[in-house]
Every structure is written in structure tokens, then in C-alpha cells.
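K.L.:
Single-letter residue listing:
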Amino acid sequence: MSIKDKRNQVTAEHVMLVVLLALSAVFLIEPIVSDYPDDARVFPQMTASVVFVGSLLLLVRNYLPDPLYTFVGESINITTSESASEHEEELTEREKEIERETGPKRTLGRKYGYEVNDTVFMMVAATLYFFVGWAAGFLFVTPFFVFGYTTWFRVRPLIGIGLAVASTIVVYLFIEFLILPLDRGAIFDFSPFLPTAFDSTVLVAGVI
Amino acid sequence: MAVDAFVEGIGIAVSWPVIGWMVVGLLLGIILGALPGIGSPVGMAIVLPLTLPLDATSAIVLLAAIYSGAMFGGSIAAILINAPGTESAAATTLDGYPMAKNGLAKNALAIATTASALNGFLAAITLVLISPILIGVVLAFGSPEYFLLAILGISLITIVTQGSIVKGLVAGALGFMISTIGTGILSPTPRFTFGQFGLYDGISFVAALIGMFAFAEMMKLAAQDMIAESDVEMTGSIKDGVMTVFKYPKTTFKAGVIGMLIGMIPGSGATTSTFVAYAEEARSSAEDGFFGEGDPRGVIAPEGANNPTVSGSLVPTLSFGIPGSGSTAVLLGGLLMHGLQPGPTLFGDQLQITYALFISLFLGNIVIVLVGLSVIPYASRITELDTDIIIPVVVVLSFIGAYTLNQNWYDVGAVLALGVLGFYMVRYNYSVIAFVLGIVLGPIAEENFFRSLQISGGSYSIFFDPINRPLSFVLALATILIITGPFLKPRIDRALGRA
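So the sequences go chain by chain: A and B. First residue of the first sequence: 0, per numbering that gives the first Met the number 0; consecutive thereafter. First residue of the second sequence: 0, per numbering that gives the first Met the number 0; consecutive thereafter.
Everything labelled a hint here was simulated from the structure, so no lab data went into it. The structure presented is a predicted model; accordingly, all values stated were derived computationally and were not measured. Hints are not guaranteed to be accurate.
Straight-line Cα separation of at most 20 Å, DMTMM-like style, residue types lysine to aspartate or glutamate; simulated pairs [as the list claims (entries may be wrong)]:
id, chain 1, residue 1, chain 2, residue 2
1, B, K219, B, E232
2, B, K246, B, D200
3, B, K249, B, D200
4, B, K219, A, E73
5, B, K249, B, E286
6, B, K253, B, D200
7, B, K100, B, E286
8, B, K219, A, E114
9, B, K100, B, E279
10, B, K253, B, D294
11, B, K488, A, E114
12, B, K100, B, D294
13, B, K246, B, E286
14, A, K104, B, E292
15, B, K488, A, E12
From the derived model, a few chain A residues whose C-beta atoms are all more than 12 Å from chain B [said to hold, decoys possible]:
id, residue
16, D4
17, Y113
18, D188
19, S190
Note that CB positions come from ideal geometry on N, CA and C, so glycine has one too.
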């Protein structure tokens, strides 16, 4: 098998297991390097050992001898009866059928010939929202995120604008009532530009 | 003392604003449950940080009411659009949707409302009745037993959820491991913080719950198309539907018992109980049944099992801090966030709060009948909401909610990172509940682990001492048997020639 073939066989689960291996290795080594006292060291190292060994076994499970493979890879279930499992399988099949019938979503990207996976788009949009929100404050970023997201998925513009406004109001209410600095970012501070129209009484009256 | 606490519990449950939050929770639960892809764990996880300004009792009653309401709400989408609002309503689609297609949508919804509420009502009474026994059991537990119970809980979860046992153990241990980030419990040593002050308090378990349930679920939902519009006519009779439940008392009762017992097993939850109840009914009524084609017993069984599962899952959650499902994991998070420790305290000094919760469940089922039966004619509208409208709103609420906890950006980052991890864990069949249990119980397990070692002078034999600590020995043995049992049994059978 060529390296290219092997690379094609790598799934997201393999990536996840490698991340877990690396993370557990840090939890095993760091207490030694930083000389943690026993009562701060034993428990994390104990749990990290389980994660490390378990992840390693799962990563190489296809190459394990039979008895060990059974322990690592075999699915077991003690509560679901056979007939219940059959019904669950039937339902999953039906769900898949519905998925096949409905086809892909209508997005702005697809309209202009760009194929972007919907989950990836959601993940990237949320990550951007987090970082820009951290840098510039959630209050100012929220309407752009909500309107941008709904526009991408071609939700009616009026609904998108309504949702963006409603979400911004919710963020503002958090600032007003829970005294959270969501109008200030770690890098940019746009709070002085906050319009006076954003007065809490006006907002509450508006919501009511 | 228990009687005094019970009376006080009634007073708390019917007092303002507790009763108000119960009604709000139920309505919210019904709506969230009816939206496919949302359901109770997601709804509860989003609401959890928003309960910070509330008093502990109101917050817990609100969360439990969302859980209970979502159980009924899930059946609306299952019956009308063949897409269960919650996983626990999946079994209801098997006969609920055919009933609706046969022109009996109102009957099916009325059956779901009545069976769910009636058995929920009976299960709440049972919960109150068995609580004195629980108090005795809980008080027999010490530090070694609590540590071993956390391990046993994770082990149980790994075998009751489908998939490899090693995946479950890795998930649980990962949760424990993540919970150790931050200042040490017994000595003020910053652990795995790498000089970042934001990590000194560790990763908030509430942020982990939001990430694992709300954000991960939204990632899954992003790939799904718009929630289907109802293609059934809202015809039939609500009254006939209600009467149908009483026509099959055995089915209703059996489903309730199955629901409550399975609910008590950590990790099994309502998805398992509803399918087991459905399968049992289909088996026992095979002769005259027409299951899969709109048999009302096919709706009574899963719906009669779902709400008792809520009560059942409260037993391990409140007694030992071992949640029975994703929703009870969030509820446990709520208890801890509001300073309520599951175990002896909830069954001792704070027994009145426990009773108030049970009584709220009891009252909540009356509200479910009243609200449920009156919303039936308009039920189809709830299911028509577009997922692309729900997702950005949930993302905003998840991030803001996480920030609200400690005004710590690392908590918001944790929502994002653990959300992605949760998405892939679900996709590859790793137990999210075991992970969440690990992260929630981590500090409790670590503290009890060290207290046990302090008691024993550093000897690990305290966990395996059949003479002085028989309970801890039994728990340790049970854990070993649970993990190795499913693999050893076929081999033992084969060796004895019984295979």
C-alpha cells in the first residue's frame, strides 16, 4: 500500500486520537517537568495514563491480535434488547432515506458555484465570531455574525435582520443587567461609539 | 425529620417564584423538545448559565421542568413530521407518525400527552415514597465509596451506551483529566496552566456542558436540511386519545415501570427506556398488534416510559452525583453551580430542596396535561422552524452564557474546542456522557481519592478491603466485573460448553 493510499485512509477519528495521545502525554510529563507535589500529580497522571493507553490501543486496533482486538474494538450493549436495536436500525435507515430525498441545502456559496461543507462553514463562522468577538467585543460582532450566517443559508433577509437585531439586544441586556463588558474587546474598544439610543429603558420598552 | 422536610418541600414548590419558574421551564421544554435537533440537553445547557441570578431551588426546578417538558415536546415532532424532537421520542415515530397519516394526529398527540404525564405523575409519587430508603443508602457512603462510585458510574455508562468499552473509558478518563486543569484541590499548585491566569480556575464544567451538548449539536444540525413541514392533517379526537390510554392500563403501567427502572441506570436515559418499552409491548401484544402501522399501544409504550425515566434518572443523580443521561448531567452541573452537593447533603440538611424538586415534577405533569392538550391544535407550527435560524442564535447564547460564568475568555474558547471534540466523539461513537460525567465529577472524585488515601495512610488497599470497608470492596468488584464481564462471559460459557 502506497503512502498516498494510507493517507487517504486517515479519518477524523485518527486525528482526534493523535490529539488525545499528545494531550495525555503533556499531562503525564508536565507534572514531572514542573515538579508538582504528589497530591497535585497522582490523579492527573493516573487519568492521563488511561487516556494514553486507550487512545493508543484504539489507534492501532486493526493491527491487534484477536483477543485484544475484541476488547478494544467490539461493541457491547447490555440494556438494549435485540428487537429494540432492530427498531433503532430501521429508524436510522428511514432518517438516511429522508436525508437522501432532501438533498443539499441552498446556500449563497452553492448559488455562485462554491461548494463548502455546511458543518465546516458553521464551525469556521463560529470560530471567527469567537476571535473577532474577543478582539472587538461581542456586542458589535453579533449582528454581523447572525446576519452573515442567515444570509449564507439564504434565510429571508427580513428574518435575518430581525434575528441580528434581537440577538444584539440580548447581548446588550447582558451588558446592562449582568454588568458584563461585552461591548469592549481585548484589542479594540468601541464602547465610546455606543449610541445613546441604546439606553436600557428604550430597549426594555422596545422589547415589551 | 423527613416529614418536616416534605411539608417544607411542598411549601417551597408551590411558593412564588419557584412555581413560576416551573411553568416557564415546562413551556420552554415543550417548545425546545418539539424542535428536532434541540431537545432537553441542548436547551438545558443554554439556559444553565442564565440561572446564575436565580436562587438554587428556582434554578433546579427550572432545569428539571425543561427536562420534563422536552420529553413531551419531543413527541410532537415525532408524530407530526416523523422527525423526533429528542432522541427519546425516536420510538414514538414508529407508530405515532403512521397514526397521524391515518388521520389520527390529534389522538396520537393526546395519547402521548396523557401517557407521558400520567406515568410521570405516578413516578414522581414513587420517587417521594422511595426517598427514605435512598437517605439510608446515601448516608452509608464515605470517601472511598464516593470515589469508587464515580469510577463505577463511568464504567456503567461505557457498557450501557453502544460502542467499544475502551472508547467509553477513554472518554471518561479524558473528562477526569481535563477537570484537573487549574489550581490543585488539595495543594495550591497551578496545574497545566502554562502561565495563563485565565486557566487558574480550570475549565468550567458548565462551559464544557454547553460545548458538548449545545455547540456540538449545532454542528450536527448545520448539515441537516430545514426541518420538514408537517404533511399530515390535524384531524382526530383529543378525547378519544385520552381515553385510549385508560383502555390499555397494563401497557401504560408496564411502560412506566420500565422507564423508571432504566432511568436509574447511569447512562441509559430515555432513548433506551422508550425503545425497550416499545419492543416489550410489540413482543407481548404480537398476536393482535399492528405495530408500525399506527397501533396506539406503540405510542403509549414509549411515551409512558419517557417521563418516568426523568424521575428514575434523578435517583443516581441526586443520591450519588451520577447522572443517568445527558440532561441529568446538565442538571447535576446546575446543582454544583448553585452550591448543592449531591449525596448526603441533599438527603440531609437540604432534604426540603430535594422534596421541592420531586413535588415540582409531580405538579409539572399536571401542567403538561393542561398545556399539552390545549396546544395540540397548534402543535404543527412549532415544528416548522428553520434550523438555519436556530443555529446562530444558539451559538450567540452559548458564547455569551459561557462568558457570563466567570468573565473568562478561556471558558468561551472551551465551548468552541469541546464542541468540536463533542461533534467528533458523537460521530465516532465515543460516549459524550462519560466525558461530561468525568469533567463534572473530576474534582469530587479527586478529593475523595486523596481523602481515602489520607484515611488509609497512603495504602490503596482501602478500596479493596472486604472486612473493614465491604461497600467499597463491592463497588470495586462491581466495576471490574462490569468492564470485563461482557468479554469474559462468552468465553466462560464456551469453556463450560454452554455456548
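K.L.:
It remains to establish, for every hint, whether it holds in the given structure.
P.N.:
Here is what the structure says about each hint:
For the hint pairing K219/B with E232/B, the CA-to-CA distance comes to about 30 Å; that exceeds 20 Å, so the pair is violated. About 56 Å separates the Cα atoms of K246/B and D200/B, which puts this hinted pair outside 20 Å; it is violated. About 52 Å separates the Cα atoms of K249/B and D200/B, which puts this hinted pair outside 20 Å; it is violated. A distance of roughly 25 Å separates the Cα atoms of K219/B and E73/A; the hinted pair therefore is violated under the 20 Å criterion.
Between K249/B and E286/B the CA atoms are separated by roughly 16 Å; this keeps the pair inside 20 Å, and the hint holds. For the hint linking K253/B to D200/B, the alpha-carbon distance of about 47 Å lies beyond 20 Å, and the restraint is violated. The straight-line distance between the Cα atoms of K100/B and E286/B is roughly 23 Å, outside the 20 Å bound, and the hint therefore fails. A C-alpha spacing of about 18 Å is found between K219/B and E114/A, which places the hinted pair at or below 20 Å, so the restraint holds.
Under the criterion of a C-alpha separation no larger than 20 Å, the hint pairing K100/B with E279/B is inconsistent with the structure, at around 24 Å. With a C-alpha separation of about 17 Å, the suggested pair K253/B and D294/B falls inside the 20 Å cut-off, and the hint holds. Of the supplied pair hints, the one linking K488/B and E114/A is violated, its CA atoms being roughly 50 Å apart against a limit of 20 Å. Distance check on the hinted pair: K100/B and D294/B sit about 12 Å apart at the alpha-carbon level, within 20 Å; holds.
For the hint linking K246/B to E286/B, the alpha-carbon distance of about 18 Å falls within 20 Å, and the restraint holds. Between K104/A and E292/B, the direct Cα distance comes to roughly 31 Å. Violation of the 20 Å bound is thereby established for this hinted pair. Straight-line distance between C-alpha atoms of K488/B and E12/A comes to about 30 Å, which puts the hinted pair past the 20 Å bound. A cut-off of 12 Å between C-beta atoms confirms that D4/A is not in contact with chain B; the least separation is 21 Å.
With a least CB separation of 16 Å from chain B, Y113/A remains clear of the 12 Å interface cut-off, as annotated. The claim that D188/A lies off the interface holds: its Cβ sits roughly 15 Å from the closest Cβ of chain B, which is beyond the 12 Å cut-off. Distance to chain B confirms S190/A as a non-interface residue, since its nearest Cβ pair spans about 15 Å, more than 12 Å.
Hint check: violations occur at hints 1, 2, 3, 4, 6, 7, 9, 11, 14 and 15; the rest are consistent with the structure.
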